[in-house]
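We have chain A; now place chain B onto it with these hints.
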Amino acid sequence: MNTTDAVPADAFKLALDGQGIAIDFGKLEGTPLPSDPVTISVSDRVVMPVLTARRLLIWLDDALKPHAGTLRAEQAKALAPADAALAARPGQSSQRPLADISGEKAAQLLRMVGEWGVPHQYERSLRLSAGSLQANRFLLTLNTRDIPGDPSARTLAVCDYFAMPPTLRQAAEANFAMAKCVHFGFEGDPQSIICKLYLESAVSAQEAHRARTANQPVLLHLAFKWDLLRDAAVTTRYLWHPGLSASEIATRLAQVYRDQQPASLALARGLLDLAVQKVAAESLQYLEVEEPETARRSFDLNIYTTKLFVRDVQPLLARMREHFGIRPGQFQALYDQIKPMALGHLAGGVHRNGKDFFNLYYGAVGLPHFNSGLR
Amino acid sequence: MAAPAKLFVPRDYVEVTVHFKCNLKCVHCMIEGTMDWLRPESNEQLARICDENARTHRWTGLTLTGAEVTLRADLPDLARTARAAGFRHVRIQTHGMRLADVDYCRDLVDAGIDEYLVSVTAADAADHDAITGVPGSFDRTVRGLENLERFPQVSVLTNTVITNRSYRQLPAVVRRLAHLQRLVQMEFWSYWPMRETDDKDLIVSHVAVLPYLRQAIADARALGRVVEAKNFPECLLGPDRDALDNGQPKLVIDPEFWPEFMRNGFHQCVHRQYCAARNCLGLNTAYVNKYGWHGDVLVPFSPEA
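Here the protein sequences come in this chain order: A and B. Using the numbering used here, the letters of the first sequence map in sequence onto residues 1 to 375. Using the numbering used here, the letters of the second sequence map in sequence onto residues 1001 to 1305.
Next comes chain A alone, as it looks inside the complex (with noise of 0.2 Å):
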């Protein structure tokens, strides 16, 4: 073959001519925008039957095989760098750590309750006990007549879903009816992972006003509690005492605490001191708690009513972070991202594991939309 003078290009146009291929070879002219028209100047145009240009071909894909990397590198450029990553190293992927069980199953929860597209609560509460501090806890509320289809078995087939004890199972089904309201709890660090449903009674006013002038407590919440990761399982009853004076709430919560933790007590009355400067007490909401398996001795003051923020309480959050030996800095880290929210309920006393804790939950959203039907 006779050699020639080298003519550069940058462009070239395919067409079908006759029987063979026609190769249009040339030069951008310009440099137009990646909108603009693009206008070749041809040089040279090389017509080549299919079967010269079938080897052309293979000889072009031999040619470009040492220049592999720095094409697939240059490619890689445009990318996105996890698309990059991949790009310039397929195959390859970092090792991650496990992940977080806890986190996936509370995320499967959310997204169970939230597939059913009906109003519900979100609360985010945390609890203080000697040593520890857990955020990772939340409660989601529906309205029974909310939950599409049979409300009874589309509620306990996400505690299917979550291995909820049969036996727990059946208590739940059988006491179904008395629920106005259904709550899923959820809680979960390193050791464990308790899943809850609450059974929230329809308490009428009358039913209310009656069990005040007994001075009989009225059963509000029936609760069912197992941990997925061991085998612990717990049925809670939650006895609301209507109408309860400030003295009466403040005598109550001393029985609870029986004289065995006299700092947490001056906490619980000191909170319920604030509540009672924004609203009587009368429209507070005072809970005590059984748990006829376990040594659980503990109450839940529900102060929504006085509007007081997590703010609002401050000095008390830090005597309890001082009681329970939470390190400031670790406190502070999660006072600073609530801090602004609205105050929910405070509960504590004995739990069941014989620690003093206290559980506050706060900043209540309602998803998807604020549903008013609900407290």
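Please note that a few of the clues may not be correct.
[What the hints assert, rightly or not] The following label-pair restraints were derived from C-beta to C-beta distances:
1) ARG1143/B <-> LYS307/A: 54 to 60 Å
2) ARG72/A <-> HIS1057/B: 26 to 32 Å
3) ALA63/A <-> SER1042/B: 40 to 46 Å
4) ALA214/A <-> ASN1279/B: 54 to 60 Å
5) ASP1077/B <-> PRO90/A: 47 to 53 Å
Since the hints were made in silico from the structure, they are not lab data. We treat Cβ as the ideally placed atom computed from N, Cα and C, and that holds for glycine.
Frame of chain A; chain B shown alone:
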């Protein structure tokens, strides 16, 4: 203290790695161990980017980075090329030691380099030099920053990497640089080790960093400076979450960098699947391996937050 308005938008910039050598030995260097084999972008590649920008005006700013770009003798030429191609701003990312020579500063400024992102690893010479491994490096960097004060067209940004060696000094870094009038933005980057484990024991708990970081944010803002915190959980910043900015310009780099980078394994969090945060990189693999998931303090943003 309200946050000053953002000065720089990542999408307006393209960042090109033009040099992979450095004369410091920072313990936290994210390309340590890769500098020997990552290939810098060629002058032809830089010319292509300049050509593209001349045609498309896609970016307003070019950042020349590396390792240490001031080790390139032709840095002023690169800047002039970029300016001629229509880049309105040319930035260098540097440890700033050569800027201690005011004539060199003038050369760079005259060539069109008007933005300087300078690494300041600590608030005093002893700590900075211990981190960089080069005695005298702090004094030269600070002198360089002070030299830049002479040029009114210049904007200065600083970057401090948050490690076990530096986190307590973040507010002190702000105080040490308080006199600089050209310093408009301070960045605090939480260290990532480019691998799955913290072999150098440089990662520090976010909970431990938090009070120092928030103090530094407040102090820098009080001086009228924009603050950007990077690679820190958004929720933990509380009221200062607006300081989190993980945005990065388009980075043109040897693609072999990215498999190393992806070993960091960002976007991990116990709440990842339902948290409504949009700017958060979560935790990285080495962090989780060292400190766990922080279920005690992380609070997800609810969808309506």
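Evaluated hints:
Taking the beta carbon of each, ARG1143/B and LYS307/A are about 57 Å apart, inside 54 to 60 Å as hinted. Look at ARG72/A against HIS1057/B: about 29 Å separates their beta carbons, and that is inside 26 to 32 Å. The hinted window of 40 to 46 Å between ALA63/A and SER1042/B is violated, with their beta carbons roughly 22 Å apart. Taking 54 to 60 Å as the suggested C-beta distance range, the pair ALA214/A and ASN1279/B conforms, at roughly 56 Å.
Between ASP1077/B and PRO90/A the Cβ separation comes to about 37 Å, which falls outside the hinted range of 47 to 53 Å.
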